[in-house]
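Residue-level listing of the chains:
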Amino acid sequence: MSQEVMQSTVVPVIYLLSTILFIFGIKRLSKVKTARRGNALAAVGMLLAIIGALLELGVVDYRWIAGGMVIGTIIGLLFAIRVQMTSMPEMVALFNGFGGIASALVATSIYWDLVVQRGATGTVYETLGTDEAITVMLSILIGGITFTGSLIALFKLQGKLKKGQPILLPARHYITFGLLLASFAFGGIAVAAAAPDSIVWVLSLAAVSLILGILLTIPIGGADMPVVVSLLNSYSGVAASMAGFVIGNPLLIIAGAMVGAAGLILTQIMCVAMNRSLLNVLVGGFGVTDGGGGGGSDEYTSVTSCGPEEAAMLLENAESVIIIPGYGLAVAQAQHAVRELADLLKERGTKVTYGIHPVAGRMPGHMNVLLAEADVPYEELLEMDVINSEFKNTDVVIILGANDVVNPAATKDPSSPIAGMPILNAHEARSVFVVKRSLSPGYAGIKNELFEYDNTMMVFGDAKKVVQGLIGEVKDL
Amino acid sequence: MTLGPLLIGIYVFVLAGFVGFEMITKVPPTLHTPLMSGANAISGITVVGAVAAATTGEMTVANILGGLAIVTATINVVGGFLVTDRMLRMFGKKKK
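One line per chain: the protein sequences are A and B, in this order.
Residue numbers for the first sequence, in the working numbering: 1 to 477.
Residue numbers for the second sequence, in the working numbering: 1 to 96.
One should not assume that every hint holds.
Ranges of calculated distance between the beta carbons of each label pair, as one might list FRET restraints [what the hints assert, rightly or not]: (1) B/Leu7 / A/Val13: 32 to 42 Å; (2) A/Gln84 / B/Leu7: 45 to 55 Å; (3) A/Met6 / B/Gly57: 31 to 41 Å; (4) B/Val61 / A/Ala66: 12 to 22 Å.
The set of hints was computed from the structure by calculation and includes no laboratory data.
Beta carbons: idealized from backbone N, C-alpha and C, even for Gly.
From just these sequences and the hints, can you work out the full model?
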């Protein structure tokens, strides 16, 4: 087959097949039964895309390509195999950062090759073409922000950087806005500049975009990181799309745009679940700015606490139990112990379900993944809308490391910072156990009045240890 | 009316965005993390651009940048799909 036929027919057909596989892949990823096959389809689509790209190149020096792919595959494999299920959000953030920087590197490389190395004499837009020159700058900007933003999100999810607390610089909005303007200016100047003069502007743009990624992410607290990672996921898609404009490849444009839309939708879903606007999340400082000025009502006055023995006694007679997992469950890695406890209770004829708040944990569906790891049947995981009507008829609710998502103040106190956020109505159950290490506030930085309710008992301790204690006690009954 | 490459690209971008939007409006929360992870792996498609940026085998700046792009994009692709599969395997092994 001639190279011409290859370029004009075979390669485009391969790219089209790859696009179709991506679409079917994402479609199937949205149903539990077909999700795994969907992921496999998308992976096949990616393999086809890479084959297409190599065919498109024709005969070149493959050493760097092969070397880069081998190194990347080994590193990717090591990460993917060694990561703990509880650290999945961090892993997604890290991979996302790599995807972002890759798009920025592609754009920079093409710029460097055509403009700098070939000693172009005209302006950058004359050398690359106006569209390509602009999208090169956009790739660098968006890819750079995605890279450092994802790394900061990773550190925050790991509880580093002031334990994930918001970091608020003075005049941060002005600094961020100024840098954003500067990045547009640098990019614009670089596009219009004569080739030899443009290098300093492109490098400035790269530097500013990396700094922007950091500044945009540090004021946002650890618990809002799901929203941030989802948004950055969207950015990395857009960055790939921009790289597609640079090299004139519709496959990149399509796949990038689909990922960009997907990330935005997920971001929106998460914001709605918290009853906060995306802007409110991105401005950051949530739970810090209003600095504990609740008129002294932040102190707890009438908290009842008990040990696993008492809790087990109530569980003994319970006909129905709802378990509400939160981030504390992930931290304590208590998912297997929880499943064991649920099995024990089910053997005794108790009905056990799980109430999953959309923003519980550090990533949408975080709790679902953790509990699935422990073989909890997914039919038992009920969404907020479904389970909220059931609390009234439930004997015991066990809250494991969740806080703000069960705070009745959200529905009762219009002045509360979380007013209007949909919550799980755990307080309507006959008895509520809150398993928590201390009375420290949750992410919103406010007290949880549920802890003072008459039907609430605090069981202080690490979620895993407490649940194991409960298992021991229930076995002895 | 004639459509230049840029306009066609913009058409494709906008329409593909709508496709992504439509596909993702109906997803159970259980699948949000795997979906995010799978979509993230697909954004590694930039690897297609990366291979075109490291084709000389010479120690030039452009080639080194291209090589780094291949490494990072491949990590994104391989790691992303594998991690997604690991998560989804969890859902698959439920016993009834």
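Here is how each hint holds up against the structure:
no.	hint	in the structure
1	B/Leu7 / A/Val13: 32 to 42 Å	violated, 23 Å
2	A/Gln84 / B/Leu7: 45 to 55 Å	holds, 47 Å
3	A/Met6 / B/Gly57: 31 to 41 Å	violated, 22 Å
4	B/Val61 / A/Ala66: 12 to 22 Å	holds, 20 Å
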